[in-house]
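Keeping their order, the protein sequence lines are chains W and U.
Okay, so the first sequence: first residue is 1 according to the numbering used here, each after it adds one.
Okay, so the second sequence: first residue is 1 according to the numbering used here, each after it adds one.
All the pointers check out, no bait thrown in.
Covered stretches of chain W, as calculated for chain U (at least 3 residues, CB under 8 Å):
| id | stretch |
| --- | --- |
| 1 | 162 to 173 |
| 2 | 185 to 192 |
| 3 | 199 to 213 |
If you're looking for bench data, these hints aren't it; they were derived computationally from the structure.
All residues carry an ideal CB built from backbone N, CA and C; glycine is no exception.
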Amino acid sequence: MGQSGIDAWGARTVTTSRPTLAVWKFSSCDGCQLTLLDCEDEILGLSEAIDIAYFLEAGHDRVDQMYDVSLVEGSITTAHDAERIREVRAASRKLVTIGACATSGGIQALRNSADVQEFTSIVYAHPEFIKTLETSTGIADHVPVDLELRGCPISRTQLLEAISALLAGRTPRLPSYSVCQECKQAGNACVLVASGTPCLGPVTQAGCHSLCPSIGRGCFGCFGPSESANTAALTEQLRRVGTNDRDIERSFSTFNVNAPEFRTAALALYPIQSPRRGSE
Amino acid sequence: MEDMFGSDDSRTRYPTTLEPEPAQQDDGAVRKPVAPQPQPQIEPQAFGGPLILTVADVDQLIRRLGADGRTVIGPKVDGPVIGYQPIGGAADLPSGWGDEQGPGHYRLRRRDDDALFGYALAPTSWKRYVFPARSELFRARREDGALAITTIPPARPRYAFIGMRACEIAALDVQRRVFMRPEAPDPTYAANTQDMFVVAVSCGSPAATCFCVSAGTGPEASGGYDIRLTEVNSTPNSPDHYFVANAGTQAGADVLAQLACKPASDSETGAATQIVQAAATAIGQGVKLDDVHELLARNRENPRWDDVAARCLSCGNCTMSCPTCFCSDVVDENPIGDDGVVRARVWASCFGVSYSQMHGGNARTSTSSRYRQWLTHKMSTWVDQFDVSGCVGCGRCITTCPVGIDIRTELEAIRATDTATKYPESVRPQTDEGLAT
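All chains should be modelled from the sequences, with the hints used to inform the complete structure.
In structure tokens, the structure reads:
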């Protein structure tokens, strides 16, 4: 592990044998990258253990080299993105996607069931300058991915767990069971049961330490589908507690709308494509 | 084990190990699920006659236990529910609050009186105090090329649990049989329970999800308590608000003696008995459990498992809220830039896919197989394993199931469609007497 290299300015020679880490951005809001900077207590230990060789948010410039670990944020929405992610993959020993955009296409994947031309004509003064794909897709739709960190944004704890596991050569502990397990371990009562609050926790992957239910709000599914997510049964229960189909469809159509289980759940309620725009 | 906690005490009420169980007689009879019963059973008046406590006395009781250095845990309104939380006095208790529970449904309800224990039970159990969701086992560090291991002795919180229901005390007995087996007593569970003080409160307002009468565990605790209270409040015969108190141990009798309470009259104990009887009647013999050991064992291929799997979310709420579910995972955590590692035990659920992951593949990939595993273990193979049923009839799995799956209904459905699956000749298990039928 660890590659020596010279940065773009030729001023800094990397002679360390520390593993190198790069952080890459595609179509995204930068929130997941900022989680790395949010590791305030650990950032010093982290920078001693690894060489953060490419990280725009922290002021680094690009280093042309092979990276031991690449964290990839954002979805693929342009032809240029689709090319660039292949270069990133080729330059990375381990590629870790961070966040809902990189793992499933993000909120921008709402375009996947809509007319992109119509969107650009509404949003931009000169839509003819916009070159974009019809879809927003996760990184794994384009190149092989070694590890996925879910969430919008990702969990700081999971990011540190993933990096420390990669450094130690062990399998990171990233449970794929439901948010409910973490929620009950935290000692919370179920918000769906006790308040009738619509909650996607039973079909959403754990990892956030049940952030929203712990403050009495329903989980909005930002970690995407859990293993064996039974969205049909949850949809029935949400109807029973008085949630209308429109709101249920919307709850599945957020940051992970392009995750197959959530997309199927949303389409089961509104099979006609593109009903969202124009009606309100 | 004796050395681990020193020898400064006389905690003999909750044995650290079990007496060896007598060998099971195999007389061919259907083996009934054994109702969990706290040990030892307490003879009425073994520690003095019943006393009368006022609300102020209950407050004093809580304060004295706290002043004695105990961590006092009791019912408290916590957001939309009653939870078991640290309390400092009677003012923290959910005065005037009741609960409404049904499949997948829980609501706090205002009562028309000021009962302190006028709810059925909290949707989260006491389990997290005696078997914490996460407990650290040891730390290891690389030192001079070798691994140095530091054990982490479990904390001894000296709990006082106020308001334990009979089914919840029975759950402690089930857990004791799991965690305190002589061959492998669990230090964490031992540390959390050896010194505990239990104030049981008999049930006066059971929920629609309760089935302790069927399970043989309630609604009045027959043992396993230091003090047992029955709350009498605004019943036609007794307009006053008081508690009939029975001591179950010398420690309980000593604490009661400090409160200088008057003895209960016959009419007062009669009112308490009526309340418990009314609760038992309200709960009723709602579900037939005496045959489930055999029923579930022979219904492994019942189509009902697929039916329930279509509704089950595999979320694990039932196992997390169950007061007896004891499964755990062991994880290693190593902070970045640190040679050390912490090994911790965390709750696990058999509804998680990775729970059944083993070398070569996964034993239970379908929700159907996982639900079957949970219910069959809870009510049938648990008896084979621990000589007691794993179900105490508290109904938490019914209330906290987000889609309201009711194990009583599922058992009835399986009984109604009893497939009586026989093993094929080729895989019939061997017994001492030859082939099983």
